[in-house]
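> The chain contents come next:
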Amino acid sequence: MSEEIKKHRPPPDPNSAKYKLGQIAAKAYSDAQAAKDRGEPVGWCASNFPVEIPETLGLAVVYPENQAAGIAARGGGARLCEISEADGYSNDICAYARISLAYAKIKDAPEQNVPMPDFVLCCNNICNCMIKWYENLSRELNIPLIMIDIPFNPDYEVSDGELAYVKAQFWDAIHQLEALTGKKWSDERYREVMEYSGRTSRAWLAATACARYEPSPFNGFDLLNHMAVMVTARGKKEAAEAMETLLKEYEDNHEKGVSTFRAEEKYRIMFEGIACWPWLRVTSTGLKSRGINMVTTIYADAFGFIYKDFDDMCRAYCRVPNAINLELSRDKRIKLCRDNHVEGLLVHTNRSCKLWSGFMAEMSRQIGQACDIPVVSFDGDQADPRNFSEAQYDTRVQGLMEIMEARKEAM
Amino acid sequence: MYTLGIDIGSTTSKCAVLRDGAEKLAASLALGGIGTKGPAEALDGVLKDAGLALEDMAAVAATGYGRTRCEQAGMQASELTCHALGAHAAFPQVRTVVDIGGQDAKVISLVGEGRMRNFMMNDKCAAGTGRFLDVMASVLQIPLDELGSRAVRAESAAAVSSTCTVFAESEVISLLAGGVDMDALAAGICASVAGRTAALVKRLGVVPAVCMSGGVARNDGVRAALEAELGEPILVSPDAQLFGAVGAAIYAYKKAT
Ligand code: SF4
Chain A
167 MSEEIKKHRP
177 PPDPNSAKYK
187 LGQIAAKAYS
197 DAQAAKDRGE
207 PVGWCASNFP
217 VEIPETLGLA
227 VVYPENQAAG
237 IAARGGGARL
247 CEISEADGYS
257 NDICAYARIS
267 LAYAKIKDAP
277 EQNVPMPDFV
287 LCCNNICNCM
297 IKWYENLSRE
307 LNIPLIMIDI
317 PFNPDYEVSD
327 GELAYVKAQF
337 WDAIHQLEAL
347 TGKKWSDERY
357 REVMEYSGRT
367 SRAWLAATAC
377 ARYEPSPFNG
387 FDLLNHMAVM
397 VTARGKKEAA
407 EAMETLLKEY
417 EDNHEKGVST
427 FRAEEKYRIM
437 FEGIACWPWL
447 RVTSTGLKSR
457 GINMVTTIYA
467 DAFGFIYKDF
477 DDMCRAYCRV
487 PNAINLELSR
497 DKRIKLCRDN
507 HVEGLLVHTN
517 RSCKLWSGFM
527 AEMSRQIGQA
537 CDIPVVSFDG
547 DQADPRNFSE
557 AQYDTRVQGL
567 MEIMEARKEA
577 M
Chain B
2 MYTLGIDIGS
12 TTSKCAVLRD
22 GAEKLAASLA
32 LGGIGTKGPA
42 EALDGVLKDA
52 GLALEDMAAV
62 AATGYGRTRC
72 EQAGMQASEL
82 TCHALGAHAA
92 FPQVRTVVDI
102 GGQDAKVISL
112 VGEGRMRNFM
122 MNDKCAAGTG
132 RFLDVMASVL
142 QIPLDELGSR
152 AVRAESAAAV
162 SSTCTVFAES
172 EVISLLAGGV
182 DMDALAAGIC
192 ASVAGRTAAL
202 VKRLGVVPAV
212 CMSGGVARND
222 GVRAALEAEL
232 GEPILVSPDA
242 QLFGAVGAAI
252 YAYKKAT
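In order, the protein sequences belong to chains A and B. Heads up, the first sequence is in our numbering, so the first residue is 167 and it goes up one at a time. Heads up, the second sequence is in our numbering, so the first residue is 2 and it goes up one at a time.
The shape of chain B in the complex, shown without the other chains (with noise of 0.2 angstroms):
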């Protein structure tokens, strides 16, 4: 049986197609998310690459923040869901998951088989999501992929101490203008993200294995900053940003069955 999931973010789109909700046959990642081409392209994509047409699909689930307006899906989960499922079956080990999106920042607490327990998302101040990075990187004029990697190089962190993103951005400027080293400003900005994730975390408390999901796990400087905060190794897949597509297609493959 074949499943689809679909998730639909606010800056990317990803689909994910299962043999029996647990063989990847295809996975794709469309930039641009709710409202754009990409959640059409991700889909195209996706059944092309496993040979596959959407009338072969047992059932689609769509998840993100675009999932209520799937018109593919014929059910939806909240990405909450979708990402302990799709982490679950990458690290069956793992009991935390934290997924740092465009939008928000999420802590799952797993229970066994994937089940969620309870989960914590960031309040509505946009420090400490996946959108705080992007302005640091704008400010720094540097790509989104590289604040992670110059962060792990760094040989200090500079402090970057405001809760405000738009505070942060003016602390980042001032910072630059005297001439503090870029590196260690990325440093800065990467546990920046930590602080506030880990804070997240310990609220829900912290139980290994965990885990990252979500586009932001690529990021070394983060991932290397929450482990010195949680004092706990985190486990990142190369496909954690598909955790939520995955865990969609096993949703569906759930409920199909």
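Here chain A stands alone, though its shape is the one from the complex (with noise of 0.2 angstroms):
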């Protein structure tokens, strides 16, 4: 029946932003691989570095991460994955990482090529599994690392002294890279860039609010697709444009009355951590089936940067959601949940994602609490379909909708 659905199908408006931002995620790779054709430096860059540095110097650079969640959505992470564990490497270990460090020996995943690097990119704010990563991805292919620390921030705040340590990083990674690659800094183009960058993030934060219509205008899981350019290309032009498309269709659905969410919107929940990406339509049915529409994430507002100038992005940068501690990050999400109107929460207990996973079980209590939803949880992994069981899922998110249902009728 699917592929009947298939056939029928009208060909995507090119006017809109989904076609937009599928072709910018799109380019960014194509992008890189004619820059190495041409026979300038490619790197491989970590989802949280500051993309403004490649961008600014007109450096082409592709992200591991979200090369490991198209291959895993594509049905290669567990290929990959035996490959990097046959040498060596646990299967406790983030399966992104798994996959890139397989990639890296094999040079070839038809779910998704990339350049081969010539230097890679590392910024811990994330996690610090990131740091072995890449060290070992520089060792194995001979290539420098430019690494940037950004640590655990412990503060509400980010101080003076963590503003000027994080700063002379940025400016140190900015000089290595001109060194290595024969690119100037122009701080002209970086307004620009910082510009663009603003733009982009305005809209994509304006554009998730707006799940807090009832209903919401999309379905939640569309997030997590547009996401890929927030990642790649959010100091681009395209990007910002598309992005204000998104936006402008998002209030023109509420407008009409029409939503992205192709079923009738019972329940309204946040979903916690990263897409199961092998298992993405299985998790997506799991919900539209019962009318359950995961209408916001930390996830996706992760991604959304907004500054004014060069020491205010290294504050950015300082605050993206790993890096800060569990009660800001709670606070951040409760303020989701209020603003979105949110019925109940969904984790990932991701196996991959240790620092993501570990302070959840608390984290979700509290927001629990706080918000009086319920919280359930499942079992999964980003990118290693092995470790996820669908009837395990289906049970969890059954019983997560009854009390939603039960809260509704004794209402």
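In short, the hints are calculated from the structure, not lab data. The beta carbon of each residue, even a glycine, is placed where N, CA and C say it ideally should be.
Some chain A residues near chain B, calculated using beta-carbon distances under 7 angstroms:
1. P540
2. D545
3. T561
4. Q564
5. G565
6. E568
7. I569
8. A572
Using 20 angstroms as the maximum straight-line C-alpha spacing, the simulated SDA-like pairs for lysine to any residue come out as follows:
9. B/K256 x A/E575
10. B/K49 x B/E24
11. B/K203 x A/M529
12. A/K432 x B/M76
13. A/K574 x B/A257
14. A/K574 x B/K255
15. B/K256 x A/E571
16. B/K203 x A/G524
17. B/K203 x A/F525
18. B/K255 x A/A572
19. B/K203 x A/A536
20. A/K333 x A/R357
21. B/K255 x A/E571
22. A/K333 x A/R485
Okay, the calculated beta carbon distance ranges per label pair:
23. A/K432 x B/K203: 31 to 39 angstroms
24. A/E421 x B/E114: 40 to 48 angstroms
25. B/G179 x A/G327: 52 to 60 angstroms
26. B/V112 x A/K474: 46 to 54 angstroms
27. A/M577 x B/G75: 25 to 33 angstroms
28. A/D505 x B/A200: 31 to 39 angstroms
29. A/E421 x B/L32: 53 to 61 angstroms
30. A/M577 x B/E72: 28 to 36 angstroms
31. B/E114 x A/K403: 54 to 62 angstroms
Hints in hand, dock the two standalone chains.
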């Protein structure tokens, strides 16, 4: 039946945000390949490394996390994980890392190929597993590693001391890249990039905030796809324009009373954690078939960077979700739950991501209490399909729905 | 009005027929869960005992891991909701239900009328589930039912500390080889399941009264160890294994009225 639906699907509208965003995400890969083909140096870059740096320098980079998600979503996760496990990497290590390290070895995965790197850019503001992963890439491929260390922040604000420590490293990274690639930093170009990044982020955050409308004008799973552009291209003009189109579409949907959530929205939840890419259809259908719309997730919010100058940009990178303490993380999520009228919380206990999943047990308990919503968690993995059970997921989601249903009936 | 609840689990199938959502007319239990002859046997058994036919049922609800593949049921509900309803019917004062099944362990927190407030389930690991007890009984070469009776008469419990079923299996084998008393081993195994379950209960909050449902409720060793861990008495009904099926029949009644 799905075949039939596919056949009758109208061609995508080239003016739609979905089409534009899809093109930008694909172009990030083809641009990098084209740069490689021209003989220019290409980098592999961690998702929360300040993308403004390579963008301002005019350097093409690709994002191994994004590539690994693509490979996993297209069914290649287990194959690549097994390759790195055979090389001695424990299957307790993040599956993005295992996939990326396997790719660095075999240099071919039809699910998502990328040009091989001439340098790697790493920032540990999301986790420290990243450091070893990039160090190994650097050793195996015999290429330079440029590393920015952003420590975990136990406070609410970014101190002047932390700012000075991080800022010096940003400049050091810029100078290393200049020396390595011959490209030159331009303040004027940086201001332009900052401008686009701000525009893209503002539109993205405003679009995700449309979930405050009931029903929400979009299916939260859309955000997971569109987010690729936020990760890889937020400093580009086309990205700013596409995100503004997305915002307009969501506002229009709300006006017209339509939504990209193609079912009656009976319940609204927040989803916690990275998507289960190998089981994306199963996890999204499990929700949609029960009228549950995942309207919000901190994961999407995390990539909206708004700042006014270089210092402020450094601060923004010190405040990404995994770099901040439990209380601040909790408060951000509570705000999302309240702003978007969330009725339940579904937590992905992601076997890959120890840091994120580790503090979720306590944080989700506190969120549930503060917002008076049920909290349900399921075991899974963002990229290793072997860590997920469909039946167990289904029981938990149904249980969550039944609690929300009973609460409504009791009102 | 008659309603039927069908609970298709991983190792057993259970059915219950209720009159007006309250009075139990018949119940059945057959070995064999999803994908076996168990569900059909349980269904035939319950209808025969009740002296009724499927057509006499105003509504039929299925629950358990096989719930989505039950042709006879017009509706389905998760085992969480059904165990909550079944436990509440047996013990109206219950606020916390502990269900240790073959595949998973669940703790359900209730508000009045058997309504589920929240729940917590085990993670992907088999330790702390009924499967762990099955594996250990076979290591000791004793019937599953004997684990509990041996545990309660043990003078002390051997420490079974591994959190992984496979590791715990090796641990038990070496204890056995070292001549540790079988009763003490059985007590250690039951305490290990109770310890993991207690952690789930504590995360959700220990709100009395607490009851156990599912097959492991019959294991006195696990129950006693869990009582000690939680510091609360645990209510157990002889029908604990049928709570899911009874709850499904109540669910069907609620939906039909
Ligand atoms: S462990 Fe988590 S934060 Fe670190 S790379 Fe993997 S998914 Fe990202």
